[in-house]
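There are 2 protein chains.
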Amino acid sequence: MSKADYYFNEEISIPIDKVYRFEKELYQAAGMNEADAHSVAEHLVEADARGVYSHGIQRNGIYLERFRLGGNSINGRPEVIKQFGATALVDGHNAMGMVVGNYSMDLAIDLAKKYGTSAVSITGSNHFGTCAHYLQMAADAGMIGFVWTINCVNIMAPWGGTERQLGNNPFGMGVPCKTKDSIILDMATSVVARGKIVMARKTNSPIPSEWALDLDGNPTTDPEKAYWGTVQPFGGYKGYGLTFINAIISAILNGSSFGEEIIDLYEEPGKVQNSGHLFQCINIDAIDNLTDFKKRMDDAVDYLKNGKKAADVEEIYVPGELEAISQKKAKANGIIYPVEVIQECREQAEKYQIAKEFWL
Amino acid sequence: MSKADYYFNEEISIPIDKVYRFEKELYQAAGMNEADAHSVAEHLVEADARGVYSHGIQRNGIYLERFRLGGNSINGRPEVIKQFGATALVDGHNAMGMVVGNYSMDLAIDLAKKYGTSAVSITGSNHFGTCAHYLQMAADAGMIGFVWTINCVNIMAPWGGTERQLGNNPFGMGVPCKTKDSIILDMATSVVARGKIVMARKTNSPIPSEWALDLDGNPTTDPEKAYWGTVQPFGGYKGYGLTFINAIISAILNGSSFGEEIIDLYEEPGKVQNSGHLFQCINIDAIDNLTDFKKRMDDAVDYLKNGKKAADVEEIYVPGELEAISQKKAKANGIIYPVEVIQECREQAEKYQIAKEFWL
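Just so you know, the protein sequences line up as chains A and B, in that order.
The numbers in numbering that gives the first Met the number 0 rise by one with no breaks, and the one at position 205 of the first sequence is 204.
The numbers in numbering that gives the first Met the number 0 rise by one with no breaks, and the one at position 339 of the second sequence is 338.
Everything labelled a hint here was simulated from the structure, so no lab data went into it.
The beta carbon of each residue, even a glycine, is placed where N, CA and C say it ideally should be.
Honestly, I wouldn't trust all of these hints.
[To be verified] When the alpha-carbon atoms are kept at most 20 Å apart in a straight line, the in silico EDC-like pairs for lysine to aspartate or glutamate are as follows: (1) B:Lys304 to A:Glu162; (2) B:Lys293 to A:Glu260; (3) B:Lys294 to A:Glu339; (4) A:Lys17 to A:Glu41; (5) A:Lys308 to B:Glu162; (6) A:Lys330 to A:Glu313; (7) B:Lys308 to A:Asp213; (8) B:Lys304 to B:Glu314; (9) A:Lys304 to B:Glu260; (10) B:Lys307 to A:Asp213; (11) B:Lys308 to A:Glu162; (12) B:Lys307 to A:Asp291; (13) B:Lys307 to A:Asp215; (14) B:Lys304 to A:Glu260; (15) A:Lys307 to B:Glu162; (16) A:Lys177 to A:Asp291; (17) B:Lys293 to B:Glu259; (18) A:Lys201 to A:Glu64; (19) A:Lys308 to A:Asp298; (20) B:Lys81 to A:Glu260; (21) A:Lys113 to B:Asp109; (22) B:Lys330 to B:Glu320; (23) A:Lys308 to A:Glu320; (24) B:Lys355 to B:Asp16; (25) A:Lys81 to B:Glu314; (26) A:Lys308 to B:Asp215.
[What the hints assert, rightly or not] Chain A regions said to be covered by chain B (calculated; three or more residues, Cβ under 8 Å): (27) 39-47; (28) 110-118; (29) 160-171; (30) 237-244; (31) 278-290; (32) 305-319.
Model the full assembly from the supplied sequences, consistent with the hints where possible.
As structure tokens, then:
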């Protein structure tokens, strides 16, 4: 998940702050309150800066359409509807997924401070962006964070099946280090995140043949055919098993949408998603000393990175490192976008009558 | 992970109870107390019955040798050395992994009953058998169980590396259903568990070429070469990421062995392992109603199994289903063993002077 995974015909570089300000203006113009617009803008820009374009501002169009058509509630407020010990059940009340996500991870962190660990089960939510954002919140709070979520569309078949019955439900874990960047594992249970296929379709860029199958079950490099076909689970039946488990703990656990109840984020923008997530935290200080742990993490990262490399490999990376490098570059030099995405932003700016000074 | 994965030259079928009685006698004869011998016997026989021969009685030899040489403590007792809210840190005091595992999952279940969720971090442990056993304990208690563990030998390289720096650290989740068998996902982060290579080496059976690489990095069907080479992560860099995360939450979290501290279960039988695990439970009743949840699980299993099948597929399976089928067959007809494993048991029976009536 880095810039290198994408194929841009024409590029443009824009400072992070400028993108953030535009995004905040855009969501406020659409009717969102300032605090929530900040959360959304921060999240989307962070994804782009980290090179995870599939989850960045290219999603403005669908998010705004979903607000307009009632698929999402632009000023919905998440709420704890059940609380027991170190657990909570949150109803997102169809608020923007990032708003529900921030609320729920804050709660998971608070509960883990009090009880050492926590499990926050979330229903009535939507697409919440990247797992990485919430994992970083946990790591910054001295926690090991776990994030599990159902995906917003069924794109995978069970192992041995041919029907779109499962999402490539993403999950991840976040771990703090001492001087190194946090370890942030954020993966979908497919070979690639479907957002990458959406992004490739938008720029009409060919995709690697191992990403997806067409409707007949054949590998394809055509992003249009891939968009309508199925995505393969990573690691074969193991990825299938993980995506089902993820669906269970994210959605079936609390009665959120699963299977035929899942609607398509893109194709059914007026329909409520009722997405489910699960956030867990372990307070490292409850188990061991956080300072000692962070030192051990630094040592572990050094150990792996100093391992013998294969002939064609320049560097061994740990999970989240490539994204952290991308983020630092973006902070220094701006985020590199394909012109098609910026053109979309300009159309959105016009439609939502954003003041010219904020335009990208 | 079923009988079909193995290639036995000559087979023999033995009733479950008979194998259990022999195993219990054997470990008691080696100096273990009756309760612990029961735990070990139950665990190993269950693994074989479920078709997971890699984790069954074929391990008697190495376990007994480790007791004899001081690698494991045959009557060690696990102990809680730190407790905070819904978390606990357990020191296994080098007791048999199954003893530490049962103790720790019982504790995780108790804590989750009280707090809704729990995290039990375990240090000073050993090879604990299959994750599936503890996951079933959690599911039987109305919990969603999570089990994470460091492996007992480094057999994988980091992505882009060539050195054996990581184990194929196994993990899994267990979930109860209403009328269906529990969903038990139990997987190593390699394409296959290394125990399968050990088993194939024992019977000198060829292995599929995608399981392992030889020392030069070439795929091999020779179990001897695979034994000394490296095992590939499942799903490429994603499996690498997961195995590192698993090492972090199982071992680095509490200071158990990681990296160069990891000893080889088989090659260094006199050395203490100091293995780490993490057990987590979510009490389903804390989030939603257990009865309703189990019904939703039954529906979810039906939904997947009733999906359209690929041309050459007879049935779609859910995680743990093949093992549950194997277990039912074994209960009815006995466990099918390769003669080599039974011959080992007879040698062990002789060595430990087991009464003839218990011999396999």
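So if I understand the rule, the pair passes when the alpha-carbon distance is 20 Å or less; does Lys307 of chain B with Asp215 of chain A pass? holds, 13 Å
Given pair status - Asp215 of chain B, Lys308 of chain A, alpha carbons within 20 Å: Given pair Lys308 of chain A, Asp215 of chain B holds - Cα atoms ~13 Å apart, limit 20 Å.
Run the distance test for Lys81 of chain A versus Glu314 of chain B: straight-line Cα separation, threshold 20 Å. Distance ~39 Å between Lys81 of chain A and Glu314 of chain B Cα, so the pair is violated.
Straight-line alpha-carbon gap Lys17 of chain A to Glu41 of chain A, limit 20 Å: At roughly 12 Å apart (the allowed maximum being 20 Å), Glu41 of chain A and Lys17 of chain A satisfy the hint.
Does Lys113 of chain A pair with Asp109 of chain B here, judged by a C-alpha cut-off of 20 Å? holds, 18 Å
Given the hint that Lys308 of chain A pairs with Glu162 of chain B, does the C-alpha gap stay at or below 20 Å? With Cα atoms ~8 Å apart, Lys308 of chain A and Glu162 of chain B stay inside 20 Å; holds.
Does the alpha-carbon distance linking Lys294 of chain B and Glu339 of chain A stay inside the 20 Å limit? Violated, at about 47 Å.
Between Lys177 of chain A and Asp291 of chain A, does the CA-CA distance stay at or below 20 Å? Status holds; Cα separation ~9 Å.
Has the stretch 39-47 of chain A got at least three residues whose CB is nearer than 8 Å to a CB belonging to chain B? Per the Cβ count (0), the hint is violated.
Take the C-alpha atoms of Lys308 of chain A and Glu320 of chain A, compute the straight-line distance between them, and say whether it is at most 20 Å. holds, 17 Å
Take a quick look at whether Lys308 of chain B and Glu162 of chain A sit within 20 Å of each other, Cα to Cα. holds, 8 Å
Lys293 of chain B paired with Glu260 of chain A [C-alpha distance capped at 20 Å]: holds, 18 Å
Checked against the numbered hints above, the structure breaks hints 3, 6, 12, 17, 20, 25 and 27 and satisfies the rest.
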